[in-house]
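Dock chain C against chain R, hints included.
In order, the protein sequences belong to chains R and C. Under our numbering, the first residue of the first sequence carries the number 1, and numbering increases by one thereafter. Under our numbering, the first residue of the second sequence carries the number 113, and numbering increases by one thereafter.
I should point out that these hints are in silico values taken from the structure, not numbers from a laboratory. Think of the CB as a built atom: it goes at the ideal place given N, C-alpha and C, for glycine as much as any other residue. Heads up, some of the hints might be wrong.
What the hints assert, rightly or not - Not the full set, but computed from the structure, chain C residues with beta-carbon under 8 Å of chain R:
hint: 1; residue: S170
hint: 2; residue: G171
hint: 3; residue: Y214
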Amino acid sequence: QKEVEQNSGPLSVPEGAIASLNCTYSDRGSQSFFWYRQYSGKSPELIMSIYSNGDKEDGRFTAQLNKASQYVSLLIRDSQPSDSATYLCAVSNRAGGQNFVFGPGTRLSVLP
Amino acid sequence: GAGVSQSPSNKVTEKGKDVELRCDPISGHTALYWYRQSLGQGLEFLIYFQGNSAPDKSGLPSDRFSAERTGGSVSTLTIQRTQQEDSAVYLCASSFTGFGGYTFGSGTRLTVV
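So here's chain R without its partners, still in its complex pose:
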């Protein structure tokens, strides 16, 4: 059973701070890693993808991947109240299907 784990939260950070969201996965064959944001009552929205070890930056978002530790994280700099949402980590190998696995999500609350 391939698993993706996240702290359910809620993670509360003050406006302007860095929010750090973490995700671990069990399948060492995983090759693709994604972060989705889901606002309450809405569908998930892809915000970051990362495929190789290291950091990938996109605006205020940085994804970090460490395949040896089977760990992927998302940093949100200068957090805004509009970043308050549930963040889902997703992990996949090339087989797709059941091998594209979502974590349970971490609820982030950015306090004004």
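For chain C alone, coordinates are given in the frame of chain R:
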């Protein structure tokens, strides 16, 4: 279309009735997933289509659930003899490949009364 389109957006049905949910993926996307999300819960995998390959149906919760994808494009999820526990948001997602990032539709909120 520009995005993944799902219809209807809301469906209220009586227990025991059959329902059909439709997903129109992004043009050219070969991979298509159906997920279910109950209130406050995570995403539950239902079924996966990839090109002309046999679908991965391993997530369907019972034989009341079935899905098809015609011509490698539009997909229909059918729930027969609906039960109250089927009430959830049903999400469709598509991708150009089977392992890339997926784009979700806005979902169908199903309520069984």
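Hint-by-hint comparison with the structure:
no.	hint	result
1	S170	holds (6 Å)
2	G171	holds (7 Å)
3	Y214	holds (7 Å)
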